[in-house]
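Q: Need the complex rebuilt from these two chains, each delivered in its own frame; the hints are there to steer you.
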Amino acid sequence: MILKNTNMKNKFILGIVTLLVFSVGCKKDSEYLNIKPTQVLGTDLAFSDPAQVLSILADLYTRQYDYPRLTEWPTVGDFNEAFYSENGRYNAYHGNSTWDFRGYQGPDFEGAPSYFWTPWNYKYIRELNLFMERCQLATALDEATKASYIAEARFLRASYYFTLTQFYGGVPLILTSLEFDGTDVTSLQVPRSKESEMYDFVIQEAQALKLILPSNSNTKARATRGAALAMESRAALYAASIAKYGATTPSVSLPGGEVGIPVGRANGYYEISLKASQEIISGSAGNYSLYKKQPSNLSENFAAIFYDKSQNTEVIWVDDYALKFKRHGFTQVNQPRFGAEEEEGGRINPSLNLVEAFEKLDNTFAPFATNDLAGNFIFYTNQQDIFAGRDARLAGTVIIPGSSFKSRPVDIWAGVQLTDGTVISGGERGAQKTLPGKTVPEQVLGFDGPISGIEFTAQTGFYIRKYQDPAIGSGQRGIGSAVWLVRYRYAEILLNAAEAAFELGQSGPAADYMNQVRVRAGLVIPLTPGEISFDRIVHERRVEFAFEGQYFYDLKRFRLAHQIFDGVALSKADLLSNIGKASKRSTQPYGLLPYKYYAPGSPNDGKWIYKVDLSNRVTASDNWQLGNYYSEIVPAILTRNPKLVKQPNQ
Amino acid sequence: MKTKSHYIPFLALCILLLLSCKKDNFDAPKASLTGQLVYNGESIGLEYNKVNYELYQPGFGKTGPIGSTFTPEGGFSHLLFDGNYKLVIPAGQGPFLWKQTAAGKPDSIAVTLRGNTNINIEVRPYFMIRNPQLSYSAASVTATCRLEQIVTGVDAKTIERVTLYISKTRFADSQTNIATAQVAGTEITDLNTIVLKVTVPTLVPTQNYIFARIGVKFSGVDDMIFAPTIKLNL
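Chains as they are written, first to last, in this note's numbering: chain A, 4 to 653; chain B, -16 to 217.
Everything labelled a hint here was simulated from the structure, so no lab data went into it.
Backbone N, C-alpha and C define an ideal beta-carbon position, used for all residues, glycine too.
Heads up, a few of these hints could be off.
No more than 20 Å apart at the CA atoms, straight line, and that leaves these computed lysine to any residue pairs for SDA-like [said to hold, decoys possible]: (1) Lys13(B) / Ser60(B); (2) Lys45(B) / Leu191(A); (3) Lys140(B) / Ala250(A); (4) Lys151(B) / Val571(A); (5) Lys140(B) / Asp569(A); (6) Lys69(B) / Val94(B); (7) Lys575(A) / Asn619(A); (8) Lys584(A) / Phe537(A).
If you anchor each label on the Cβ, the simulated ranges turn out as follows [claimed, not checked]: (9) Thr74(A) / Leu80(B): 43 to 49 Å; (10) Leu62(B) / Gln446(A): 58 to 64 Å; (11) Asp69(A) / Gly50(B): 26 to 32 Å; (12) Thr141(B) / Ser285(A): 46 to 52 Å; (13) Ser51(B) / Lys31(A): 55 to 61 Å; (14) Val134(B) / Gly109(A): 35 to 41 Å.
Looking at chain B on its own, in the form it has when it is part of the complex (with noise of 0.2 Å):
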């Protein structure tokens, strides 16, 4: 009994050291907001970090944004604590258009977080890209799409490219892609059909399968609006 009092101490020490670690730390961020970009409830395809948002949580004095860039599905995911948050999308982003406050700057929209949410944010794109086809023969790539108008008067704006590219990754844009084909908006002379073909260059190392994307370039617009990407097998 005597020799066990030599470890009260060092107990109520551990005991000590335990509670203070419990007593300091804050639970991590638990909510999750998730969100993707919608017309008429249909997914809007984006280039990968370009499209940037902010989330602002007002009310703790210094506001600064969290900040992020939608994926190239037009989606966005979060681990926020629960709260009042405001969503904007900084003018000039994204290939839409984005409700503006009577000032002319970007509207916001309130989300209110207790627990997972998910949000569709409903924009208006410029054009959107109907019915693409992608297919493979004869070491090539040929894709066929429609394009219908969505936004018109003084906002509008005209269509400066519509390009293919084709990638060994997932990521099919102007940043990663081993060849792309493309044809100029003066050169459209029909949005019901734009047929657009590019040859598979040699693919090192090799894999037998290619993905394949269509995007559409605005004039005075820097981002583009695009279709899904496609995996095809060779």
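So that you can see chain A by itself, here it is in the shape it has in the complex (with noise of 0.2 Å):
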């Protein structure tokens, strides 16, 4: 019977496991595809939780476009006052004259051309927009989250306004998450803002967001009332200077204002300026001062601005980084490259531009002593005593010769010079030879370099300093640099501040904010209101805030840059001469290079002297076309809004 009914059984048991296979697997028709996607949160799913809109909120502030920034080193020392140290840059930088009207950047790893100068993310514009929506409508949050929530993304939104702004002028101003019926295309287009309208919506949300946003000097990560006086002095700033000095290049401006302001417009908007920068001195919103921590060493009190993350008063508002979770990698490519903690570093060398612009303690401008009046050499007992008697904050910015970095010395020289004019140096990092009339070789050159196309070395003599993380294991791959990108930082509202007052008139005031930026800097002789001047204003937000992206900022409202860039080459005369006046021409990145010098028995053996260089990988002479004052916006937009004009001389 068991046996007999086994293979029945086994029919029975198919069968109905059939059927219940079957029974299972159909559901409605309708139904069979309608399933929910288990790695995708709704709307309602996200908006339920204050933890989870917090990291939302946290992903739109990583989305902030920043330019110079630190996780892309070429950013950082572009416009001469730096030489790229890295092979296929040489051409992309220093054999290129142009900037091509998006910012070229070089070629991807394709071979195509990539840019930097075209942020156009509409996407995350709406991203902001459909997130403030959702917030104002979440049940789950209370009422003073929600409102703190929706402000700082109203913060981020004028944030990225104010940063399109000073890359195209205006742009398509949109508020709300817009949404297509399917039919009409046409009122989703929408055409640009004038110039003036862009800045006077950044400087209206930036005056409501200060009565709403916390005022606490120790939050940096996220919108305070702070950074919201300081968007609104450098917005209204950089409004007044447009309208004052587009004038002088009146092609670079369209009929409808969409590039250009009105020179009328100038003085109102130094006005908000200087009240904005005020309000944040006066201390209502929060403890701002001057960053003073170390006043027996200036140069690394200035330094330490930036990696200096406990209790810094200074800093304003800033992109932050933490260890283990949003690093970067700046100090491992621009660290010095001999005994650096991997074998790479020294990519950007800032140029002897930059470095000569740093005033001596008597508030004058003078090139290096490198040659006596009849053309002998000047000899310097130690590499470092040829910039002594400088502004502190040269060696805050850039690795000298003779100075350290993470306690270890640099070893920075390019050869040794003889007696009879020849100079003796080699093809590799800290090579040997023999000097005349010894038997042993020994080294003849550092081994930071420089050496001319040898990526890494200090090719200008010079390492960057600014930014670079003192931590051990900064400079590793496997765990990077947690230093800080600064945005705002009270340096710059004083700044601001002696700026707007000048332009206003008030020199006085201008003097005595300009002269508490300069006495942190060792320069204690205050400039008397009579030596404030347009080139003043310009050669200080130069050197306090060199390669912070200011420079870059400045030389476009300051219309400077066609100026500076004019296409000429960069004569050795010309670059030692009229050093402080912001017009002055700045083609090409040019170095100081220390040579040691060898005649035995005489009482210069052993000591340096200094030349000026230009490498031979400079081959182009930097042209500044009035395209360039404002981006291109691209062909694929154009076309998908023929609403949006185009940019001038483009």
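A: In structure tokens, the structure reads:
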């Protein structure tokens, strides 16, 4: 019975199973594919928990557009403030005289050109708008949290529109999330606003937000009252200077006002800027002041603004980093090559153009003393002696020969100078050769170079110091650096106030604001109100904010770029004269190379001499075209929205 | 005979493939559109990769330009399909005036392309370089020329500088040169006698010829106007 029925029983079971499979498998046809994806959070779920909303907000914070940024070192030292010591950059930066209307970055990995000056992220703006709208409707958040999150998103939106305005002038101002109804696309095509309307929008948002955002000077990475005021101060100042100095380049404007601001509006904007700066200076936004923790070493003090994250009263708003979570390799790619934590570094080599702009302690400008009046070399016992008596910010911004980084001396010298004028040098770092009259080879150039065309060596004689992280391991690929990118800091507020006051004819307060910044740099002799000039203002911003990106925006808003980068080769005589003049030509990055003097028996034996040098990799003279003042709106965008007008001179 | 029938499907497949290949492909564009910038029939020299132009072919939905830059001799060339095109030089481009519409935008030139076509684009440069003479002697290059003002009135531009470029290649301009000499516009007293002299540096690797070219830059205009490039034997 059992045996006989096994077959039947099996068939029976099989039949049941088959039935089961079909009955289970066969859902209603219309329901079959209707399964909620598990990896996508719906709106209601995403806004069901305050922590969840905060993480969405955190993502929105990271999507701000910074130029320069620490994750991409070529954004930091362009415009001949530095020489780029990396194979493959020579051609793009020093053999190429133009920037392209989109800000040429260089070829990407496939050889196609890539660009830096074209942020156009309306997806980000849409998501900011959506965030605000959805946050408003969320039921799981209490009213206070809701209001603060929405205020932060509003701040980010205003900040991003400010960025777009800096690059493009007027852009479409979209303040709600747009939906396509499937028929009429023209309602989604928004024309460009006027440049002045963009700045008005940013200023209005900042003025509204400063009443909502928390007044807390210890919060650096999130929007605060201080950040809103700083944005207002900067935006109004930019608008004012575009109105005033834009008049010098009438062809850089559009009849509809999308580019260019009427000159008559300059004073109004200067007043807004000055007022916003004064609100921060008066302490109404929190306890901000200049960073002065190390009064005995002003250079280290200046460098520490960027790496000291504890109780840093200077910094107002940053893009923050944290090891293991969000980090960058700025130290890794720029650390002094000799004894580096990786077999690389030294990419940004500050140029002599910038280094000589740091003034002497008596408030005068002078080139470095390399030769006396008769043309003979001047001998220095220590490498650093030639840089003595200068603005303390020099050694805080630049690693000079003879100084140290992470307590390790750099080894920068280009060769051995003989008495007959010949130079003995080598083709590799720390090369050894036998000097005349000796029998044993010895080192004839530094382990940090400079050697022309050898990447990662200090080809201008300098490395960058600003934003380099002194922490152990910061130069390693596996660890990285958590130094923050400073977006607004108190020194800028002071210099904004100085500029606005000067333009409004208040030289006294202008001198007062500027002297505060200068004293911190060791320039203790105050400038008198009569000494404050346009050149002084431009100069002070250039050296205080070197490699922080201000130089780029300043050259644009002062309409100086086409005068400084006029396509004419920079001669040595031009380089060394008129230092401190705002429109001084700077088309090629020069270097200042130390050599060891070899003259056995002479008192000068073993001392250092310096030579001004232009790398043979610098073949082009930079030429800023009028079309460079505002980034190109690419044809793909123009085609999608016929209401957009083209930029001038493009 | 019977064995051959095996080939029939194979053969059919081959024919099918050949035919479909023919069907899928378009003809390559054949009509060549060439042209040059002229003023009263005289060609205008420019800098390599500096002066843009845009070609539009309306009537195909989205509008986007086919763009490029003029050659140093002021010419351009495209291989295109027959059709109706519009050529425009964007605002602010070139050392010359380009006619504008009433709205102040650059006007376009209609180009009807049926087979190979050559067009002359008439423009009005701010100045013309007349009678450029270049010579080499005693390790230096001397250039003389005359400048004639073409555009006068409200649109007139002043000369910012006159520059002599020498180069190892035919591209003698601000981007590739080995030496330059220049005179600022404010230092020019007589537009009829402009003299520039530059010493030829050591050529590495050596060559027994160089190229030289005179360019003029106008204030408030990006692009320079150039005289023809001259090859000089050393």
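Q: Evaluate each hint against the coordinates.
A: For each hint, the structure was consulted:
Between the alpha carbons of Lys13(B) and Ser60(B) the distance comes to roughly 12 Å, so the proposed pair stays at or under 20 Å and holds. Restraint check for Lys45(B) and Leu191(A): satisfied, since their Cα atoms lie roughly 16 Å apart, inside the 20 Å limit. Restraint check for Lys140(B) and Ala250(A): the C-alpha separation of about 17 Å stays at or below 20 Å, so the hint holds. Taken as a hint, the Lys151(B) and Val571(A) pair is honoured in the structure, with Cα atoms around 18 Å apart against an allowance of 20 Å.
Proximity of Lys140(B) to Asp569(A) is assessed by CA-CA distance (about 17 Å); at most 20 Å being required, the pair is judged to hold. At most 20 Å may separate the alpha-carbon atoms for a hinted pair to count; Lys69(B) and Val94(B) meet this at roughly 6 Å. This hinted pair checks out: Lys575(A) and Asn619(A) have alpha carbons roughly 14 Å apart, not beyond 20 Å. Among the hinted pairs, Lys584(A) with Phe537(A) is consistent with the structure: their alpha-carbon atoms are about 9 Å apart, no more than 20 Å.
Between Thr74(A) and Leu80(B) the Cβ separation comes to about 45 Å, which falls inside the hinted range of 43 to 49 Å. Between Leu62(B) and Gln446(A) the Cβ separation comes to about 60 Å, which falls inside the hinted range of 58 to 64 Å. With their beta carbons about 30 Å apart, Asp69(A) and Gly50(B) fall inside the hinted range of 26 to 32 Å. At about 48 Å, the CB distance of Thr141(B) to Ser285(A) agrees with the hint of 46 to 52 Å.
Between Ser51(B) and Lys31(A), the C-beta spacing of about 60 Å keeps the proposed range 55 to 61 Å intact. Distance hint check for Val134(B) and Gly109(A): the Cβ-Cβ separation is about 38 Å, which falls inside the suggested range of 35 to 41 Å.
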